[in-house]
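Trainee: My request is simple: use the sequences and hints to build the entire structure.
Spelled out, the chains give:
There are 2 protein chains.
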Amino acid sequence: MSGGPLEGVRVVDLTTVVVGPITTRTLADQGAEVIKVEAPGGDILRYLAAGSRSPAMSGKFINFNRNKRSIVLDIKQPAGIAALKALIATADVFVSNVRPAALTRAGLDYASLAPGNPRLIHCGIVAFGTDGRYANRPAYDPIIQSLSGVAGTFDRAIGEPRFVPMVMTDHITGLVSAQSIGFALYRREKTGHGESIEVPMFETMASFVTSEHLGAATFDPPEGPTGDARLLSPDYRPLPTLDGYITVRPNDNRQAFAFFEAIGRPELKSDPRYATPSSRTQHAADYFSVQVEALAQKNTAEWLEIFAKADVPAGPYNTLDDLLDDPHLNDVGFWNFDEHPTEGRIRRTRTPVTFRGGMREEVLPAPRLGAQTAEILAEAGYTADEIATMLQSGAAA
Amino acid sequence: MSGGPLEGVRVVDLTTVVVGPITTRTLADQGAEVIKVEAPGGDILRYLAAGSRSPAMSGKFINFNRNKRSIVLDIKQPAGIAALKALIATADVFVSNVRPAALTRAGLDYASLAPGNPRLIHCGIVAFGTDGRYANRPAYDPIIQSLSGVAGTFDRAIGEPRFVPMVMTDHITGLVSAQSIGFALYRREKTGHGESIEVPMFETMASFVTSEHLGAATFDPPEGPTGDARLLSPDYRPLPTLDGYITVRPNDNRQAFAFFEAIGRPELKSDPRYATPSSRTQHAADYFSVQVEALAQKNTAEWLEIFAKADVPAGPYNTLDDLLDDPHLNDVGFWNFDEHPTEGRIRRTRTPVTFRGGMREEVLPAPRLGAQTAEILAEAGYTADEIATMLQSGAAA
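Protein sequence lines correspond, in order, to chains C and V. So the first sequence is numbered by this note's numbering: it starts at 1 and just counts up by one. So the second sequence is numbered by this note's numbering: it starts at 1 and just counts up by one.
Hints are computed from structural coordinates only; laboratory data are not their basis.
A pair holds if it fits inside one copy or across any two, identical chains being indistinguishable in the list.
Here are the simulated SDA-like pairs of lysine to any residue, each with C-alpha atoms no more than 25 Å apart in a straight line:
1) Lys190 with Arg10
2) Lys190 with Thr90
3) Lys76 with Gln392
4) Lys190 with Gly3
5) Lys190 with Val363
6) Lys309 with Glu267
7) Lys269 with Arg254
8) Lys76 with Ala86
9) Lys190 with Asn117
10) Lys269 with Ala229
11) Lys190 with Gly358
12) Lys269 with Ser289
13) Lys190 with Arg119
14) Lys190 with Met1
Mentor: Written out as structure tokens, the structure is:
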């Protein structure tokens, strides 16, 4: 019994890298039981990062795979695929990020699985929706960043397309997949029926980007260019102070006027360029210039004190390393330290969302490759002899 | 009857700008009924973008507020707050992004509302968790980007902190809020009880960033520096070809070796730097250099054909404008055109996720400020006279 909102939900997870693992980590963190099914070599994320203490246990893998158990099955062998299907027959949710054509060949598509488990929620995370011409093309995160306009926002802001230095489209699509599974679980309680969900990365991210940047092209014919000019300004960044950086965001009139007072430019309160949110949007470049010039005159700490008194939204800038010691994160118990059974002491983030109705209590360490193979097969009704045979043939490992 | 997975779920939405509106748009797109409660001036997002056809109806507002109805209430007046509480008493979900201290002062915190509606799911989206020292500080998206390490990833990649040119932390936190509400709705079906959820932007984004970039600091003491060096490489970007850009991502051994063949460098297959995923990770800078040099030699279209044949993951680069004509997006019906009752013909994105168990069918246009005030009050049991009195006093508008 986990105590989280998804307590009792059993998930079979045939995913790798980030998009699927963050989907199922989210479900696991909120109380679901997740069985991570790995091919004999294991999830490639086990290897795709520096600084591990032992092989196949990268920090990144550990972060994305806590609260799961691992079983290794070779689904190219009949006994391996049969075991996977036996697991799915007992599951509430099956998640994969396998290309649809391959999934169907293996008999793991919804139509093949639903007869044996009509309450199954089948979530297929795909790079591209199956109804379009890119369906079944392989893709990783940067390809989706390149196609979906994420890189395009940098082209407009700084003159060259760049990626966000995170596996951002995987990560967001994974959060949307977990969201969609939650909605389907809710509906299943109402109807008694499972269903299949398709979550395409490209469409998900194109929706993300264009919700923000259709801009005047929301209208047909367009009333002006695509893009939200404020966000695409070259000065949309933490701005330099005398000793570092600061971010200030005076948005509504009260905040904007308090900001002008705070920087000693009260005359700007009557400047028509800054009179309303729309006029400040229209004159975003000028508004940023005022900020750039003013903020360079004092230290970050001085400014933060001034803006706090004036109730102007402002905050410091944290490097990646600063996060490890951020005082607010420390207050809320964001960082936890666990003793991993094989990897030693590790740093773990808290689940950020608080459910007052109860949270997952026990923390499972990220599994070593196939750590629970025998245990999971036994739970599925395999005898010790059958398990031994599978281990010997390599159908399980 | 909407037909979506959240059909029948009634949401009262006291949110503004992006983080709350994307939460409730997500719920609405999936079938929930959403009542957007606005202060007399309206959601500031109505004004924060260029290119509108009429005041208070920016493209960005329209994109984030489809499928909702709008009621204007002045909750500083007793009749206004009473009407809001009457609506919440009939709701499944109440979402706000008001600072917690102000929410409690207005009697809109969970403890005040739950006695009148024990099945209520109360979702408070906050900038900072209430248990930490930044609680109740005001913040907008860039402040969270600045604090949470998003800007810090650019510092490491290109030498200066920058923001992602999107309201990214609002947008992601909103998706997580909708996800959390789905999980709570599922649990409510099991237990019969509502609950309160707190979704803090800073913690949510710190978790997002550090899941990817704790790196060798996942271990305590750290086995090396924070950060995933591959993603932080200056060459982690769409790479120039003879006539544009391309993104290629040969990740596993088969893909990497096929890539070396495709660029005419088969000798690299036996180079120990590129022999395994971990060695390629370790020599990421060299691996990127090989890509930079090779890709500059041919046109994008030639490369795409070559990589498609070799089954090497690759894709073109789309500008924001290219997205409006992307052939795959056209295939999947991503772009729809609606006749908005007051704004004319507008472009609308399809909900990217497909639920085979049924999707929301009707599309409601993004509402003009207070467009459904009288209708919603009438549904809540207010008489025509009572409504007229409220409109006259300004408690409603």
